[in-house]
Each structure stands twice: as C-alpha cells, then as structure tokens.
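The task is simple: from the sequences and hints, build the whole structure.
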Amino acid sequence: MEAPHGAAVSAVGFGLEGPRGPVFRDIGFAAEPGALIAVEGPSGSGRTCLLLALTGRMRATEGTASVGRHRLPDQLAAVRRVSALGPVPGVTDLEPALTVAEHLRERALLQRRFEGSLRSLLRPRAERAAVSRLVIDTALRAAGLDVAALPKGARTAVRDLDRLEVLRLSVALALIGRPRLLGVDDVDLKLSAAERAAAWDLLRAVAAGGTTVVAVCREAPEDALVVSTAPRAYADDSDVQDPTAPPGDAGEDDTYDEHGPYDEYDGHDEYYESDGRDESAAHDGHDAQDAHHQAAHHEAADHEAADHGTVPARGGVRDGSDDDGEEAADAFPEARRA
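For the record, in the sequence shown the residue sitting at position 305 is 305 according to UniProt numbering, with numbers rising by one throughout.
Be careful, since some hints might not be right.
As the list claims (entries may be wrong) - Taking CB as the label site, the calculated pair distances span:
#1 Pro-19 with Ala-148: 48 to 58 Å
#2 Glu-62 with Ala-130: 14 to 24 Å
#3 Gly-210 with Arg-71: 35 to 45 Å
#4 Gly-209 with Ser-10: 17 to 27 Å
No wet-lab data here; the hints were simulated from the structure.
Just so it is clear, CB atoms sit at the ideal spot from N, CA and C, and this is done for glycine as well.
In structure tokens:
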C-alpha cells in the first residue's frame with residue numbers, strides 16, 4: 001500500500017476574533033511534511049479552535065495558513081479532504097455502547113462509499129473487502145492498537161477501553177482515510193506520566209510514517225515544533241481579553257472544565273465550518289454543543305473532510321445498501337459477532 005505523504009503546514013498572522021476578544025491571534029510557524037506540531041497552552045486559550053482552523057473545520061478571521069498547496073481560510077473544503085481528526089471532544093466522540101469492530105466496520109463503509117474512486121467501486125466484492133481489510137489492519141498497526149489483546153477482542157465496547165486505548169482507536173479510525181494531516185485534541189489530558197509518554201510515542205510514530213500531526217496539549221515534548229496559544233503572548237496588548245472568561249473577569253483559570261473544549265467555542269460558533277453549508281451555529285451557550293454534533297454529522301454524511309473520525313448517526317448510513325454493509329463486515333468480520 002502506498003505510504004501516506006504528509007502535508008507541509010504553515011501560518012502567518014493566523015487568528016480568530018470573537019465577540020469578546022481574540023480566541024487566538026498572531027500564530028506563525030512553518031512545519032515540514034511529517035512534522036509533529038504541538039499546540040501548547042492552558043485550557044481556554046484557543047488551542048482547540050486553532051486545531052480546528054488548521055484542519056479546515058473553523059474559519060479564521062485574521063492572517064493566512066496553508067496545508068500542502070491549499071490556503072486557509074479560503075480553501076476550507078480542500079483542507080478537510082486531506083486532513084482528519086482523532087479525538088476531539090464534542091466533534092469526533094466515539095459511541096460508548098458500540099464495539100471496536102463496529103466502529104471500524106462503520107468507518108470502512110464510509111471510506112468506501114464517500115472516498116472510493118469509481119474504478120474501486122467496480123472491483124469484485126471480495127477484492128474490495130480485501131482492500132478494506134488491509135487498510136484497517138494498516139491503520140491499527142500505525143495506531144499501535146492490538147485488538148486481540150483487548151478484554152473481549154474486537155467485541156470490546158468503547159466504554160470498556162482505557163483512555164490510551166480510546167486514543168489509539170480514534171487515531172486508527174482517522175488513519176483509515178490516509179490523511180496528510182492528523183489533528184488530535186488534549187493529548188495529555190487525564191493521563192499518567194507513563195500514558196502521556198506512550199501517547200506522544202504514538203504520535204511520533206504516525207509522523208515518522210509520513211503523516212503530519214498537530215496535537216493540542218498542556219505541555220509539549222522537547223522534540224515537537226511548539227505553537228503556543230498562551231495568554232502571555234498577548235501581554236503587550238491591553239485590549240486582549242480571555243474569550244472564555246465571564247464579562248469583567250480578566251483572570252485565567254488553568255483548571256480543566258468538565259465540559260472540555262466547549263468553553264473555547266462558546267460565543268464563536270458563527271466561525272464554525274460545517275462543510276460549506278450556509279448554516280449559522282447556535283445563538284446561545286447551550287446550542288454551541290449542538291453545533292459541534294451537527295458539524296460532526298455533516299462531515300460524516302458529506303465526507304468532504306477525511307475526518308476520523310467523524311461518524312454518522314448511530315442508526316447507520318441511511319442511504320447505504322445491504323451490499324455495502326455486508327462488504328464492510330467482510331472487511332472486518334468480527335463486527336458480525338459483535
């Protein structure tokens with residue numbers, strides 16, 4: 001199988017302005033293909049928004065960036081097609097009740113239906129299933145997920161996986177689309193020191209395999225290209241406010257909010273891209289959460305983005321045929337018994 005070719009990623013004066021001030025601003029860096037990029041900063045500093053902007057899921061309002069030959073913010077759809085998301089809370093969440101096999105089967109089905117060429121669709125079913133099986137096996141190896149070692153093998157439910165196993169599964173699902181750029185949120189969240197080391201080893205291996213990786217974290221490893229969203233970068237600008245702080249509160253709370261990155265989006269949903277549709281996001285804080293799930297659904301349905309990760313409504317693909325489902329099951333037969 002052809003090895004993935006990472007995309008060069010760069011930004012100049014890249015920023016996002018919201019109603020209460022900048023979410024992130026004046027981001028500048030240049031990364032070669034296959035680089036490991038760490039977006040470092042405290043919770044609420046715009047890290048996740050920057051990740052989504054660099055992968056074409058959120059429209060920046062200042063400066064420019066490029067992913068391969070595609071420029072942002074002008075070519076969002078093109079960037080989505082060459083990028084994928086691993087775990088991003090509120091956008092690419094896995095379904096706790098579904099098994100590992102079911103997630104892999106679903107992703108393989110989406111990959112064939114929305115990303116396959118016409119020539120591949122005309123191949124015999126057995127050949128298509130063999131190709132899907134190879135793609136899945138390759139993605140699992142790249143993510144370091146040994147399915148046989150799980151408590152119930154491929155029939156293990158996501159809720160029974162530990163955090164590192166969930167990370168590996170999410171990355172594997174993203175890599176099934178063979179993206180040039182992989183985005184991962186909160187790499188070091190709630191992991192032990194040993195687990196954090198393993199998580200970074202995983203992302204280093206993905207980058208070494210040719211896929212450019214951009215990962216959000218609190219503390220970046222020394223060998224990563226570090227892009228900081230820390231508020232101290234704006235210390236010389238008295239007008240800059242913490243976009244997540246309540247009005248009149250200039251303080252920065254570095255504690256983790258149980259709602260995760262939703263706070264970073266709140267109030268900035270008009271910039272969220274749902275695959276080119278002219279839909280406004282929610283008009284209040286409660287609807288911000290719904291906007292993320294809607295965006296995740298749109299990415300799966302249209303598949304303009306090679307998102308990990310994004311999966312359709314769990315009732316299955318509404319317009320899928322029985323043959324499609326059977327072929328996906330052939331590609332990952334454990335799903336039949338899940």
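Taking the hints in turn, this is what the structure says about them:
1. Pro-19 with Ala-148: 48 to 58 Å: 51 Å, holds
2. Glu-62 with Ala-130: 14 to 24 Å: 48 Å, violated
3. Gly-210 with Arg-71: 35 to 45 Å: Between Gly-210 and Arg-71, where Cβ atoms are some 22 Å apart, the hint is violated.
4. Gly-209 with Ser-10: 17 to 27 Å: 21 Å, holds
In summary, the numbered hints that this structure violates are 2, 3.
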